[in-house]
Amino acid sequence: MMEWETVIGLEIHAQLATQSKIFSGAATAYGAEPNTQACAIDLGMPGVLPVLNREVVRMATMLGLAIDAQIARRSVFARKNYFYPDLPKGYQISQYELPIVQKGQLTIDLEDGSSKVIGVTRAHLEEDAGKSLHEDFHGLSGIDLNRAGTPLLEIVSEPDLRSAKEAVAYMKKLHQLVVYLGICDGNMQEGSFRCDANVSVRRKGDPQFGTRAEIKNLNSFRFVERAIDFEIERQIELIESGGKVVQETRLYDPDQGETRSMRSKEEANDYRYFPDPDLLPLALDEAFIEAARVALPELPEVKKQRFMTQYELSGYDASVLTASRDLADYYEATVAALGGEPKLCANWVMGDFSAFLNKENRDLADSPVSAVRLAGLLRRIQDRTISGKIAKEVFEALWASEGDADAIIEKRGLRQITDTSAIEKVIDDVIAANPEQLAQYRAGKDKLFGFFVGQVMKLSKGKANPQQVNDLLMEKLQGRNDLLA
Amino acid sequence: MMPLGTAEVAKIAHLARLAIREEEVPDYARNLSAILELVEQMNAVDTTGVTPMAHPLDMVQRLRADEISESNQREHFQAIAPRVDAGLYLVPKVIE
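Residue numbers (the working numbering), protein chains in the order written: chain F, 3 to 487; chain C, 41 to 136.
Fair warning: there could be bad hints in the mix.
As a list, the in silico DSBU-like pairs of lysine-lysine whose alpha-carbon atoms are at most 30 Å apart [said to hold, decoys possible]:
(1) F:Lys478 / C:Lys133
(2) C:Lys133 / F:Lys82
(3) C:Lys51 / F:Lys133
(4) C:Lys51 / F:Lys246
(5) C:Lys51 / F:Lys82
(6) F:Lys118 / F:Lys206
Everything labelled a hint here was simulated from the structure, so no lab data went into it.
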């Protein structure tokens with residue numbers, strides 16, 4: 003059996019989170035009525051001039067700094083020429099020979115716990131095209147140019163990825179980074195973060211790359227993994243059965259789970275780039291770059307390490323909590339409000355809190371439970387007013403916005419019973435009501451202990467302190483017969 | 041350098057969506073080849089260490105603030121469009 007090696011490079015388009023477009027003052031808001039955010043520049047009207055958005059340049063610089071890349075002190079915009087109705091000018095303004103960011107790197111974490119450095123060849127600025135709608139216009143196509151001129155940062159990796167899993171790990175890492183930096187909203191459904199994958203295979207040890215196919219417009223992590231895995235299989239089968247991979251663009255069909263050739267336009271790659279005479283070279287001075295550096299937030303990897311040392315969390319907990327800046331901020335606000343107990347806070351933020359968000363498919367920003375309220379609940383676990391089990395009930399009520407934890411505990415009478423004599427009273431009642439089970443237990447049926455615990459908790463409506471119930475029950479069941487005489 | 045052939049002229053014209061008449065092709069081929077020859081002559085100059093000129097003006101790009109300055113003028117723009125429907129520009133069907 004021949005051994006094959008996969009070679010993958012990704013081109014990721016991140017939509018930059020600006021208010022206005024890259025070269026015009028039209029809005030970039032998603033979901034507006036068709037063509038209401040397309041001005042004369044976006045429409046390619048004669049006589050208009052593009053003017054570059056400063057914020058776009060700052061955002062690209064931030065990404066470059068975050069991946070240890072070179073920031074070009076001078077970069078140039080070029081025209082990429084092709085004809086398509088959603089590109090009114092007949093060219094896309096992009097960067098070709100002199101992109102703003104070059105030679106960066108990103109470290110990805112693999113499933114086996116190891117990590118790998120992936121090279122980033124370049125990141126360049128460009129404008130997005132409009133949208134073509136092909137359905138139901140009496141044999142015509144409908145064109146919405148709202149998206150035309152939306153700023154994109156195209157981030158191109160080296161062909162350093164060796165499996166679909168590595169490709170997904172890289173894409174996730176980059177996604178996390180751009181969202182942390184606040185330069186992209188990361189919304190993949192709306193197309194704010196999408197990926198083209200260049201995939202080829204070669205025989206293990208072969209120094210030459212195989213012929214690659216480019217899979218276009220993958221807009222979810224799952225699709226990236228499936229599309230690449232399908233493509234690898236397809237190419238290997240093709241070569242093993244005596245065929246040849248042709249260089250082409252393919253589309254992934256999520257319904258069929260396969261990639262299909264786009265009818266190849268033979269001149270498709272003949273874009274005839276040339277410097278755009280409408281735009282002067284972009285020059286960045288040290289002050290601009292330094293200001294972008296100062297504006298960098300704490301990056302995910304650094305934050306994770308800090309969580310491990312400052313809060314003594316495991317690597318796993320720290321990476322879950324730093325997966326997004328929002329979650330990390332929420333966690334830190336909870337710890338601060340509680341004044342300690344970082345592990346208890348981590349368990350609740352990663353556990354019930356995240357589970358409720360997921361269940362309702364909510365963003366953290368829309369959470370009905372503030373960090374201060376969660377800390378209020380945890381304080382009552384900490385001082386043993388309520389048990390961990392009752393806390394889950396209180397949390398549900400918090401989520402339903404029934405007030406703060408203390409009010410809920412008071413209103414529902416959930417205060418934990420820690421008074422020994424009160425618990426003993428309940429235990430005595432349970433034992434008296436179940437003489438048969440008692441006899442069996444004493445005859446050696448140890449597993450009935452759980453039955454007694456359950457009965458005591460039930461009779462106390464879950465409010466008896468579980469540890470005390472265990473201790474007292476053990477004592478009473480173990481042959482202090484005199485009590486029952 | 042090889043002069044441009046008729047097939048290349050046809051391809052360039054197609055890429056630029058220019059309609060040229062069959063009988064004009066040899067003229068285009070000759071003229072374009074002459075331009076390429078001029079470039080070839082310039083290629084002979086040693087430009088090591090010279091920054092490529094991206095723009096004839098020796099100036100740099102001015103940047104604008106990220107502010108929305110354009111309001112919706114769809115009606116105005118679509119008044120000159122051949123066909124529109126539901127706010128969309130309609131064009132002959134394009135399918136990838």
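Okay, the hints, checked on the actual structure:
1. F:Lys478 / C:Lys133: With a Cα-Cα distance of about 84 Å, the restraint between lysine 478 (chain F) and lysine 133 (chain C) is violated, given a limit of 30 Å.
2. C:Lys133 / F:Lys82: holds (23 Å)
3. C:Lys51 / F:Lys133: holds (28 Å)
4. C:Lys51 / F:Lys246: holds (27 Å)
5. C:Lys51 / F:Lys82: Holds, at about 17 Å.
6. F:Lys118 / F:Lys206: holds (19 Å)
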